[in-house]
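With the sequences and hints as input, model every part of the structure.
2 protein chains.
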Amino acid sequence: MAEKLKPPRGFRDFPPEVAILRREVISRVVRVFERYGFDPLDTPSVEYWETLAGKYGEEAESRLIWRFTDPWSGREYALRYDLTVPLARFIAGRPDIGLPFKRYHIGPVWRHEEPQRGRYREFYQCDADIVGSPYPEADAEIINLTVDALRELGFTEFKVKLNDRRLLAGVFEEELGLTDPLRVYRIIDKLDKIGLEGVMRELSKTGLGEPLVGRIAEIISHRGEPLEELSSLCAKHGGNPRVSEACKHLEGTVELLNDTSSVELDMSLVRGLDYYTGPIIEVVLEKPRIGSVAGGGRYDNLVELFTGKHTPATGVSLGIERLIDAGIELGIYSVSRKTVTQVQVIVLDWSLLKHAWATVKTLRDAGINTRIDMARANEDSQRRKARKLEVPLLVYVGAEEVKNNTKTIYDTRTGERKVVPQEELVKTVKEMLAKTP
Amino acid sequence: MAEKLKPPRGFRDFPPEVAILRREVISRVVRVFERYGFDPLDTPSVEYWETLAGKYGEEAESRLIWRFTDPWSGREYALRYDLTVPLARFIAGRPDIGLPFKRYHIGPVWRHEEPQRGRYREFYQCDADIVGSPYPEADAEIINLTVDALRELGFTEFKVKLNDRRLLAGVFEEELGLTDPLRVYRIIDKLDKIGLEGVMRELSKTGLGEPLVGRIAEIISHRGEPLEELSSLCAKHGGNPRVSEACKHLEGTVELLNDTSSVELDMSLVRGLDYYTGPIIEVVLEKPRIGSVAGGGRYDNLVELFTGKHTPATGVSLGIERLIDAGIELGIYSVSRKTVTQVQVIVLDWSLLKHAWATVKTLRDAGINTRIDMARANEDSQRRKARKLEVPLLVYVGAEEVKNNTKTIYDTRTGERKVVPQEELVKTVKEMLAKTP
Numbered sequence: 296m297a298e299k300l301k302p303p304r305g306f307r308d309f310p311p312e313v314a315i316l317r318r319e320v321i322s323r324v325v326r327v328f329e330r331y332g333f334d335p336l337d338t339p340s341v342e343y344w345e346t347l348a349g350k351y352g353e354e355a356e357s358r359l360i361w362r363f364t365d366p367w368s369g370r371e372y373a374l375r376y377d378l379t380v381p382l383a384r385f386i387a388g389r390p391d392i393g394l395p396f397k398r399y400h401i402g403p404v405w406r407h408e409e410p411q412r413g414r415y416r417e418f419y420q421c422d423a424d425i426v427g428s429p430y431p432e433a434d435a436e437i438i439n440l441t442v443d444a445l446r447e448l449g450f451t452e453f454k455v456k457l458n459d460r461r462l463l464a465g466v467f468e469e470e471l472g473l474t475d476p477l478r479v480y481r482i483i484d485k486l487d488k489i490g491l492e493g494v495m496r497e498l499s500k501t502g503l504g505e506p507l508v509g510r511i512a513e514i515i516s517h518r519g520e521p522l523e524e525l526s527s528l529c530a531k532h533g534g535n536p537r538v539s540e541a542c543k544h545l546e547g548t549v550e551l552l553n554d555t556s557s558v559e560l561d562m563s564l565v566r567g568l569d570y571y572t573g574p575i576i577e578v579v580l581e582k583p584r585i586g587s588v589a590g591g592g593r594y595d596n597l598v599e600l601f602t603g604k605h606t607p608a609t610g611v612s613l614g615i616e617r618l619i620d621a622g623i624e625l626g627i628y629s630v631s632r633k634t635v636t637q638v639q640v641i642v643l644d645w646s647l648l649k650h651a652w653a654t655v656k657t658l659r660d661a662g663i664n665t666r667i668d669m670a671r672a673n674e675d676s677q678r679r680k681a682r683k684l685e686v687p688l689l690v691y692v693g694a695e696e697v698k699n700n701t702k703t704i705y706d707t708r709t710g711e712r713k714v715v716p717q718e719e720l721v722k723t724v725k726e727m728l729a730k731t732p
Numbered sequence: 296m297a298e299k300l301k302p303p304r305g306f307r308d309f310p311p312e313v314a315i316l317r318r319e320v321i322s323r324v325v326r327v328f329e330r331y332g333f334d335p336l337d338t339p340s341v342e343y344w345e346t347l348a349g350k351y352g353e354e355a356e357s358r359l360i361w362r363f364t365d366p367w368s369g370r371e372y373a374l375r376y377d378l379t380v381p382l383a384r385f386i387a388g389r390p391d392i393g394l395p396f397k398r399y400h401i402g403p404v405w406r407h408e409e410p411q412r413g414r415y416r417e418f419y420q421c422d423a424d425i426v427g428s429p430y431p432e433a434d435a436e437i438i439n440l441t442v443d444a445l446r447e448l449g450f451t452e453f454k455v456k457l458n459d460r461r462l463l464a465g466v467f468e469e470e471l472g473l474t475d476p477l478r479v480y481r482i483i484d485k486l487d488k489i490g491l492e493g494v495m496r497e498l499s500k501t502g503l504g505e506p507l508v509g510r511i512a513e514i515i516s517h518r519g520e521p522l523e524e525l526s527s528l529c530a531k532h533g534g535n536p537r538v539s540e541a542c543k544h545l546e547g548t549v550e551l552l553n554d555t556s557s558v559e560l561d562m563s564l565v566r567g568l569d570y571y572t573g574p575i576i577e578v579v580l581e582k583p584r585i586g587s588v589a590g591g592g593r594y595d596n597l598v599e600l601f602t603g604k605h606t607p608a609t610g611v612s613l614g615i616e617r618l619i620d621a622g623i624e625l626g627i628y629s630v631s632r633k634t635v636t637q638v639q640v641i642v643l644d645w646s647l648l649k650h651a652w653a654t655v656k657t658l659r660d661a662g663i664n665t666r667i668d669m670a671r672a673n674e675d676s677q678r679r680k681a682r683k684l685e686v687p688l689l690v691y692v693g694a695e696e697v698k699n700n701t702k703t704i705y706d707t708r709t710g711e712r713k714v715v716p717q718e719e720l721v722k723t724v725k726e727m728l729a730k731t732p
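Residue numbers (the working numbering), protein chains in the order written: chain B, 296 to 732; chain A, 296 to 732.
None of these hints come from the bench; they were simulated from the model. Do not take every clue at face value.
If chains are identical, the list can't say which one is meant, so a pair holds when it fits in one copy or spans any two.
Unchecked claim - List of simulated lysine-lysine pairs, DSS-like, C-alpha gap at most 25 angstroms:
(1) Lys713 / Lys683
(2) Lys604 / Lys683
(3) Lys698 / Lys656
(4) Lys649 / Lys543
(5) Lys299 / Lys604
(6) Lys543 / Lys656
(7) Lys604 / Lys301
As the structure is a prediction and not an experimental result, all values here were calculated from the model.
Here it is in structure tokens:
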């Protein structure tokens, strides 16, 4: 395809068969979010640059945010990088909103990534957040919602990894005395790719002594049943106030989970964004291995950056792009539904257009999604097009049908053919559509 | 509100009560579009600048398109200005798509407008287009769909103005010999604001002689029942091939309209975008007078700009921002639904959290949108918050309820109060919700 006919690199067109699937996936996510009593909120695609600046961390700040200057006003704008910082800005601007505030937001975000499989420059996030609660039940609600959403989307084999920024800070900074923990986190983050030995090798290269590398390796190997791992961690490092605070909070959270079988504490989970302050989660599918499909955590200081007023918050973001890719790979989803059309009216003789047009109207007025060819094609071509789109029913309008005041209905799925009086058309079409062959 | 807490000028936050209404309006539009057999298509928010350049006309090109240069690649990008040019680019890139192609697309577009009432820098368009049909039935389908959508949205008093670019060209350029018709169109476009006398005065100022101004005034006064106006126009100017072609096409279109009572031919309708080639339409509400709420037309040459291959197309764009504003003003819509939550579980004693949590789960598992307070507030504060959001039902969990294995349900709309055994909770809640007081 000529370059000028493509969307920009890293951006995508979604033709009907993909758009229909995406919409179905999104509507299932909405169903779960609303069942949990989250309300929709929309914020704009564009923010002032200064709204986003200083919230995400170095990489996003310097490289990943799409920012631009308006030549007329000279102001700097940016396309939103996630849905969380705009939420914090919204909350900060509405002191009367009433907390706790539960909202969901589903929409595109933009990142200046190097495009690759599963990584795009425009992609949808499905976020649910609770603002105004410092309690473990808010974090538990977010995890329960995440697990329910994944189940509703058809996934059964996944792991919810759980950790806490305070555990990381308490153990790595305070207990081990690491002065540059961010550098250590970045190496730990590669665990999936390079394995524990690889992580240890890289840690040694940064100049850390062997005993310290050994202790780090031991700590990040804490993964497993959350309450067990927490009690073992707390036994070792519970004297540290941040560790004991985190242990207590996470225990309170885990006790309110509907199902802990898919949840594990994982001390190697670090997550990239700067704004997290407490529990953090990440969901990975057991197969296919396409990386994290959801992530989130507590960010108690983000609203405060705008207002100076402490406002605790926690939330999750589902990445439906990867979930859809994974669902297709697993055979849970297919891009097989090519049209929303339920009936194609086939015109056997174009001098009967007005008669056919009236039939189309009758069907549409009854709520049936109906098409009629717009190119005055011959019967064969009309039928071929309808079958290519897998339209379930064809309704024929020809001289015979007009003369007898009947319609011929053909089910493309079963081969069944019926001739019915005009007045029974809608009823019969509905009955035939209701049968899923 | 401090500047830094606001969305950028001309951009908007939609809090839940507005987002809920917008979603309802959009879902009604989708229902109509799908009934007409249009399928969803999504194209990205960002396009290469050269994709949009040279399609809309001078004003959009020079001032209204949000464009920016990527500092890394040096490439010029733009936020889409409408949904039509991206559609043309998509079609041009898919020679195997199968024509006629019917798609709808609902999403935001961006224009660098000076913000004012009803005019925003980011706003939603709801577009339906048919690509690949040169026939009047395609234009008729678009008009029927537009009228049905407005009805489905609750509007009854509106006018669909109809004209044809070929009528304008045939009469103004060829018959009247206007060498700069665009300048004349721009003056005619002010008719609603300055009246016929104002238009004539401004035309005279451009140096046009009195007889010519008089003939223009006469021509643009052609408005009324479409077939009558067409036959009168054709009688006068039908010798002109463009006029006669347009008359024939429009007559074919009007004959296929389900309801012509709201349609009028209006020779003063010019429309702004460069890409229109045939019939053009615009919908205005009779009241409130908030300008055009839908517009569209035929653009037979747009795809050709990308491919060199002639590909006729026609479509419409509904402006839901103004429709929502108008609907609220008319009292058709209200922003009264503040939450999707159906039940708030009220916790009388926070030591019973786990019991209440289980009740919440029971309700959610039954598909009922349920909340529980996340701030461990006292009963009074929980109730006040729920009533402020107008949550229909409250379900109380207290020592009494736990002891007797019952639940107390309170209907905030009617004041009705019921104590039911736990096992009848879901059934009773569903029954009470089904009653709309």
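Okay, the hints, checked on the actual structure:
1. Lys713 / Lys683: So Lys713 and Lys683 pass the 25 angstroms test inside one copy only (22 angstroms; across, 56 angstroms).
2. Lys604 / Lys683: between (59 angstroms within a copy, 24 angstroms between copies)
3. Lys698 / Lys656: Result: close within a single copy only, 19 angstroms intra versus 60 angstroms inter.
4. Lys649 / Lys543: Between copies, since 17 angstroms is at most 25 angstroms while 74 angstroms is not.
5. Lys299 / Lys604: Answer is between: at 15 angstroms across copies they meet the 25 angstroms cutoff, but 49 angstroms inside does not.
6. Lys543 / Lys656: Between. Shortest inter-copy distance 24 angstroms satisfies the 25 angstroms Cα cut-off; intra-copy 64 angstroms does not.
7. Lys604 / Lys301: Cα proximity of Lys604 and Lys301: across copies only (17 angstroms, versus 47 angstroms in one copy).
Of the numbered hints given earlier, the model fails none.
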